[in-house]
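Visitor: Make a model of the complete structure from these sequences and hints.
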Amino acid sequence: MTEKSWIYAVLEAAQHEMREDPAMTWIFELTPPVASNPDMPVINLETEFGRRRVVNTGIDENWMASTVIGAGLAGSRSVTYIPYQGAAMPFQVIQNHAGKLRHMTGGVASIPVVFIIELTGQTPGFAGQHSDYELDTAYAHIAGVRTVVPSTPYDAKGMMTAAIRSPDPVVFLNPAGLRTLSGEVPDEPYEVPLDKAAVRVEGSDLTIVSSGPGMPVSLEAAERLAEEGINAEVIDLRVLKEMDTETLVTSVSKTRKLLTVDQSYYTLCPGAEVIARVAENVEGVRYKRVAFPDAPPPASPEMFLWMRPDAENVAEAARQLVG
Amino acid sequence: MTEKSWIYAVLEAAQHEMREDPAMTWIFELTPPVASNPDMPVINLETEFGRRRVVNTGIDENWMASTVIGAGLAGSRSVTYIPYQGAAMPFQVIQNHAGKLRHMTGGVASIPVVFIIELTGQTPGFAGQHSDYELDTAYAHIAGVRTVVPSTPYDAKGMMTAAIRSPDPVVFLNPAGLRTLSGEVPDEPYEVPLDKAAVRVEGSDLTIVSSGPGMPVSLEAAERLAEEGINAEVIDLRVLKEMDTETLVTSVSKTRKLLTVDQSYYTLCPGAEVIARVAENVEGVRYKRVAFPDAPPPASPEMFLWMRPDAENVAEAARQLVG
Amino acid sequence: MPNSRDDSTPEVEALDRVDTPEGAGPTRRGFLRIAGLAGVAASLAPQIARANGRIGYHAADLSDERLTDLYRMILRIRWHERTMADKMLSDPDYRGYNHFYAGQEAVATGVCAALRNDGPFDQIDVVYSTHRPSGHALAKGVDMRAMCAENDFRATGLNNGYGAEMHLSDPSVGFIGADGMVGPGPVLAQGSAFSFRARGSDQVSVVFGGDGTYATPHFHSTLNNAKLLDLPFIYVLENNLYHQYAHYSYSSPHYDIADAARAYGIPAEVVDGQDVMQVYNAAYEAVERARAGEGPTFIEAKTYRYYNHWGAPGAEVGQLGAFGYDPLAISSFRPEREVRNWMQRDPVDICRATLVDWGVLNAEQAAQIEEDIRAEVDEAFAWAMEQPLCNPEDGVKNVFATGEVPARQFG
Amino acid sequence: MPNSRDDSTPEVEALDRVDTPEGAGPTRRGFLRIAGLAGVAASLAPQIARANGRIGYHAADLSDERLTDLYRMILRIRWHERTMADKMLSDPDYRGYNHFYAGQEAVATGVCAALRNDGPFDQIDVVYSTHRPSGHALAKGVDMRAMCAENDFRATGLNNGYGAEMHLSDPSVGFIGADGMVGPGPVLAQGSAFSFRARGSDQVSVVFGGDGTYATPHFHSTLNNAKLLDLPFIYVLENNLYHQYAHYSYSSPHYDIADAARAYGIPAEVVDGQDVMQVYNAAYEAVERARAGEGPTFIEAKTYRYYNHWGAPGAEVGQLGAFGYDPLAISSFRPEREVRNWMQRDPVDICRATLVDWGVLNAEQAAQIEEDIRAEVDEAFAWAMEQPLCNPEDGVKNVFATGEVPARQFG
Ligand SMILES: Cc1ncc(C[n+]2csc(CCOP(=O)(O)OP(=O)(O)O)c2C)c(N)n1
Ligand SMILES: Cc1ncc(C[n+]2csc(CCOP(=O)(O)OP(=O)(O)O)c2C)c(N)n1
Ligand SMILES: [Mg+2]
Ligand SMILES: [Mg+2]
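Residue numbers (the numbering used here), protein chains in the order written: chain A, 1 to 323; chain B, 1 to 323; chain C, 1 to 411; chain D, 1 to 411.
Where hints are given, some of them may not hold.
Said to hold, decoys possible - Listed next, the stretches of chain D that the computed footprint assigns to chain A, with coverage defined by at least 3 CB atoms under 8 Å from CB atoms of chain A:
hint, stretch
1, 175-186
2, 206-215
3, 246-257
4, 394-405
Think of the hints as simulated: they come from the structure by calculation, not from any bench. Here the structure is a predicted model, which means the values were calculated and not measured. In this text, a Cβ means the ideal position worked out from N, Cα and C, and glycines have one as well.
Guide: Listed below in structure tokens is the structure:
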């Protein structure tokens with residue numbers, strides 16, 4: 001167990017699987033799969049496994065995703081790391097091919113691949129295309145791909161291992177805003193399941209549900225609320241598809257108040273699905289939803305930081321909900 | 001006022017606007033913009049306006065959408081008709097360019113274009129890529145485009161006119177399953193607003209909310225229920241973005257029971273957003289959601305027709321909700 | 001020789017090998033034979049698709065048995081198409097549909113004959129097909145009965161009724177499968193080639209694509225990366241002149257689409273797609289090149305489809321081809337005389353005449369083979385029609401490798 | 001002459017016209033002048049980017065005033081970049097960033113000088129830029145003060161602080177704008193050209209794109225359709241050798257990317273992007289061709305950026321260019337000596353030497369102009385820093401043409 005950065009944890013998972021399986025490949029674009037961590041060996045997949053297995057060509061994220069699908073169909077487990085600038089480029093091939101081929105072929109096609117799709121939303125100043133966090137919904141709505149979004153380095157490693165080993169295609173959303181996190185991460189491989197939410201904080205006054213980059217602000221809000229005597233139960237969805245309804249229903253059956261928190265645009269954000277699932281299953285609940293407005297993120301830090309939900313927004317919405 | 005087919009109504013709107021504006025263009029792929037209707041002149045945009053304004057090249061839906069955006073940025077109103085096979089191909093450029101450019105440029109960029117995006121879901125037998133109805137969510141979640149989905153020839157014409165005249169980019173979802181509808185449609189141009197839901201049937205026992213191809217089955221279900229003495233209020237969303245919360249809240253405040261009906265996959269279908277908006281605004285409501293399962297549509301008619309919500313599924317869900 | 005490669009020593013050596021796994025049989029190569037075949041082709045055709053003049057080379061080295069197999073396969077595809085078209089036109093209980101391949105049989109047959117079609121999955125060559133897959137599927141070795149059952153949505157079909165025509169798939173014979181989308185298939189196929197190179201396998205990945213694939217953005221991704229990475233990849237572009245109802249000149253500034261591939265530095269050949277021997281020759285060299293680690297090849301086969309784009313509009317029971325009006329074409333459709341012209345150079349006739357000319361078969365044997373194939377096809381359709389229909393509830397299976405997703409249509 | 005077009009009569013006529021709106025000034029064309037300029041360039045450069053030898057043609061016909069404007073514009077861009085880099089390195093209150101264009105100034109300047117840059121919106125030529133837009137913006141006529149304010153997120157900036165560097169846009173001068181994505185820009189730009197042709201306008205649409213755009217699938221869509229429809233469209237590919245940290249040979253099998261364009265039958269020229277006169281000549285001919293309805297042109301400008309991909313890592317205050325380590329490059333970055341080599345052929349020096357050689361300016365005048373430009377740039381940054389910050393609540397405006405969207409961050 002060592003304190004590791006997010007990306008070190010992810011690459012450690014991949015490195016282990018690539019050592020086990022000489023057919024496995026990795027395709028990248030801007031970011032070479034290289035990571036260092038204090039007192040740990042540098043991981044460099046490119047030099048360790050060579051440029052036949054670890055490849056970088058031109059700027060073509062649809063090629064990257066399509067190539068790993070083709071590799072998977074031919075029996076090679078494969079991962080591609082799509083930078084956030086290209087996060088929507090491979091949408092069609094993931095939606096219409098990766099997600100459907102097993103079903104359309106009556107089960108004979110298998111696509112054991114991982115699409116790491118970087119999502120941003122973290123940096124004021126870049127605006128629109130370089131500051132948005134929105135594609136979670138697009139990838140969670142489609143059928144046949146498991147769409148996950150870890151929020152801790154521990155989960156990032158464990159879900160990456162599980163994703164690589166899964167016979168199903170996995171969209172592994174990688175929130176750029178969490179790159180700076182580090183945490184205790186075991187050196188040996190382990191799996192975090194691809195279908196379970198996690199209760200991060202137990203509480204009885206209300207349930208706060210978030211995922212990915214919404215988690216740090218939700219946890220901070222829960223701390224502030226605790227100081228005020230409001231005990232929030234905080235759930236990290238982790239998995240958008242297939243969403244873990246049971247954990248949600250169990251919690252809200254207890255608290256009867258549900259607050260969802262998203263960095264994604266309000267309309268059809270993951271929180272809408274959370275609310276709808278709970279609403280179908282639990283009666284007499286009060287609801288609130290915090291999300292980014294239905295507007296592209298502006299460049300100006302003043303505008304952007306006002307629009308992006310922060311811990312105080314979450315805490316205040318919680319106060320109103322319980323009040 | 002004449003009985004007109006869906007496509008005749010849509011092309012009639014376009015023809016009128018193209019006659020008014022000699023700069024306006026239309027880009028198509030498989031389907032020439034040609035329609036006939038009993039006792040009406042044949043509409044053929046290609047021969048009427050010539051191959052410089054009405055164009056067909058190769059199979060490249062991203063080119064089609066990008067080209068109308070470029071035309072719009074240069075001041076030419078433009079429409080493209082994307083067939084359902086290519087419905088996801090232009091997603092990136094609509095999400096990341098059409099939807100963001102006005103905002104990212106502080107209001108100076110204007111994209112007065114219409115993307116007619118055909119969605120299918122209607123025909124058993126074709127499977128997966130040719131029978132799915134799922135992209136409504138992807139296009140409704142993104143910012144900066146108005147996403148609409150008419151369900152009658154009257155609305156199709158009126159919303160097409162409004163869409164062409166709108167300074168905003170409009171995603172005009174065209175459900176292939178409604179192609180066979182016909183109805184009374186005025187000959188002269190008129191607009192149906194791009195931000196209002198329509199109450200199709202008034203009732204007090206429950207609210208059924210659907211859109212596009214979910215409307216015929218919802219209306220049929222309402223008829224069956226009426227015969228049984230259950231009075232459903234049926235709302236046609238018509239507009240996914242910006243969704244008309246007020247009409248929804250007004251109705252459910254009265255009925256206290258909400259049933260949503262979608263042809264789209266369950267997870268994050270438009271009905272999830274409908275439920276979430278109502279849940280945030282009205283307390284003590286009971287909810288149900290009918291949708292296509294989170295599975296690609298299979299070829300076999302036996303499987304497909306079992307999975308696609310029909311009028312009886314809707315009626316039965318309504319009975320349970322009020323019962 | 002191919003236009004864009006020089007004839008370096010290893011390949012000259014390769015040409016000298018006799019490509020008969022059976023190892024037997026005298027080589028048929030020789031000027032007389034080639035001249036003879038050219039005569040056959042010319043006598044059948046006033047308008048020969050532009051090709052590069054090399055005819056009957058590697059094919060001439062094949063054993064009689066393998067040559068006869070080419071003929072059998074062409075017939076198998078042909079009669080599958082004709083029988084299915086007739087069923088669609090005459091049997092109201094029949095629910096299947098097809099994008100008919102009749103007219104193009106020599107392309108699938110010639111290409112797949114040059115591939116490794118059995119063995120373990122990690123050694124077999126793979127083929128990616130299109131929305132027009134029945135010919136490719138049969139040529140790669142897909143079981144006709146299972147395919148017929150699938151096309152009629154039967155629970156015991158090739159894909160258990162989930163896929164039908166546009167999603168036929170049988171990895172056990174390396175037929176990765178049909179693809180109803182135009183564009184992505186070639187990129188996916190080069191992805192398989194990417195994995196072969198990565199894992200040091202000598203497998204080859206082949207994509208069939210129509211002239212319609214040229215204009216897709218994927219065309220560039222495919223060829224550029226296949227070249228940059230020297231992938232064991234073959235792009236077989238079946239130029240049947242139309243993408244749906246538009247002539248390919250609407251979508252391509254090239255007369256030969258092969259020129260577009262040459263621009264990347266990829267060896268590209270234009271072949272007469274009606275002549276299975278020419279197609280086989282080009283495919284043979286492409287496979288050799290790929291297995292030798294020398295990168296991709298592009299083959300443009302000039303060909304034609306006898307039916308309309310989809311289904312059997314304009315066709316009549318018992319008659320080959322469709323000449324009538326196609327309502328789907330709306331305002332533009334191809335001239336009937338063009339269809340009739342192309343039918344003068346029929347791939348079945350050309351193959352039969354070649355084999356008779358080469359002394360592999362006589363006319364009676366050829367006719368007997370056709371009878372046998374017809375019986376096989378009839379039996380396959382009959383078998384398929386007896387298969388059980390699907391169980392509705394199975395629709396929520398096979399979404400993921402295990403389990404099923406919940407039904408949601410009941411609320 | 002350009003490689004892929006023949007010198008047909010209308011163009012020969014065009015060459016004889018003197019391109020000075022002012023109408024004045026003796027033509028400078030002539031062998032001696034051309035030889036003189038070639039001498040200047042050669043003396044400055046051991047390694048001249050591969051070009052086609054035609055130097056100083058249409059540019060030689062420009063008036064003194066317009067030639068001096070070229071020099072002014074190159075300097076304006078240069079000092080904007082240097083001043084901004086220095087500010088980023090030295091002023092902790094400064095929040096702007098840039099993808100610096102220094103080193104490439106002659107490309108934007110030469111191209112935009114051949115365009116129509118003012119007039120009503122339906123008559124002006126339009127330019128689409130990239131993630132590296134500051135040079136293109138200034139060359140097209142964007143106001144420097146407004147741009148500086150925008151880059152520092154000010155409410156009175158060019159785009160009211162919504163966009164900043166990667167989304168600079170000013171349709172009033174035909175600068176449709178920057179685009180932070182690599183790929184879509186060229187297709188969007190040909191879309192504008194499509195509308196010009198549809199409405200019978202003689203406007204021209206120009207896209208700037210890096211060598212990185214070559215590998216995108218959009219490259220094929222853009223060139224194929226521009227050719228098929230004969231659009232008034234110019235693709236200016238600035239080959240500065242790198243897309244981010246990867247050399248262009250990672251993404252392209254072509255030595256000259258222009259060869260890829262020629263494959264479509266599009267006239268393509270390779271020019272020395274450090275020499276504004278060469279760039280202007282190629283752009284001039286491309287614009288003539290487009291206005292005459294003769295379709296698209298591709299121009300590959302061989303050039304180099306002096307700073308790293310993004311921001312100012314490795315740069316020092318007061319020093320031109322960045323030589324140090326770029327942490328973003330992680331495992332690969334360009335050699336410092338390559339940077340120094342390219343800086344030997346500086347676009348400012350080449351332009352200045354040409355104008356002095358041509359007798360348009362003397363050394364003192366050239367120096368005075370540079371002083372004036374520096375003052376202008378300093379004033380623009382000073383003005384920008386005094387502008388008001390944005391109002392947070394305005395973030396929900398400008399989503400649609402009217403109204404605002406509801407705040408949702410409060411629940
Ligand atoms: C992305 C996409 N757009 C449109 C279609 C509709 N479509 C099906 S087949 C076809 C024409 C294909 O032409 P070609 O590639 O030449 O193949 P052919 O039908 O001639 O065999 C089209 C446009 C599709 N399947 N996919
Ligand atoms: C679709 C997409 N993928 C990745 C990126 C990230 N990115 C920004 S600039 C760049 C390199 C561009 O290189 P080039 O086109 O040569 O332009 P240059 O930076 O050299 O001016 C990349 C990969 C992007 N902006 N868009
Ligand atoms: Mg075709
Ligand atoms: Mg570059």
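Visitor: Within the stretch 394-405 of chain D, is the number of residues with a Cβ closer than 8 Å to a Cβ of chain A three or more?
Guide: holds (count 5)
Visitor: Mind taking a look at whether chain A covers the stretch 246-257 of chain D? Criterion is 3 or more residues with CB to CB distance under 8 Å.
Guide: holds (count 4)
Visitor: Count the residues of the stretch 175-186 of chain D whose CB lies closer than 8 Å to any CB of chain A, then report whether that count reaches three.
Guide: holds (count 4)
Visitor: Quick check: do three or more residues in the stretch 206-215 of chain D have a beta carbon closer than 8 Å to a beta carbon of chain A?
Guide: holds (count 4)
The structure shown violates none of the earlier numbered hints.
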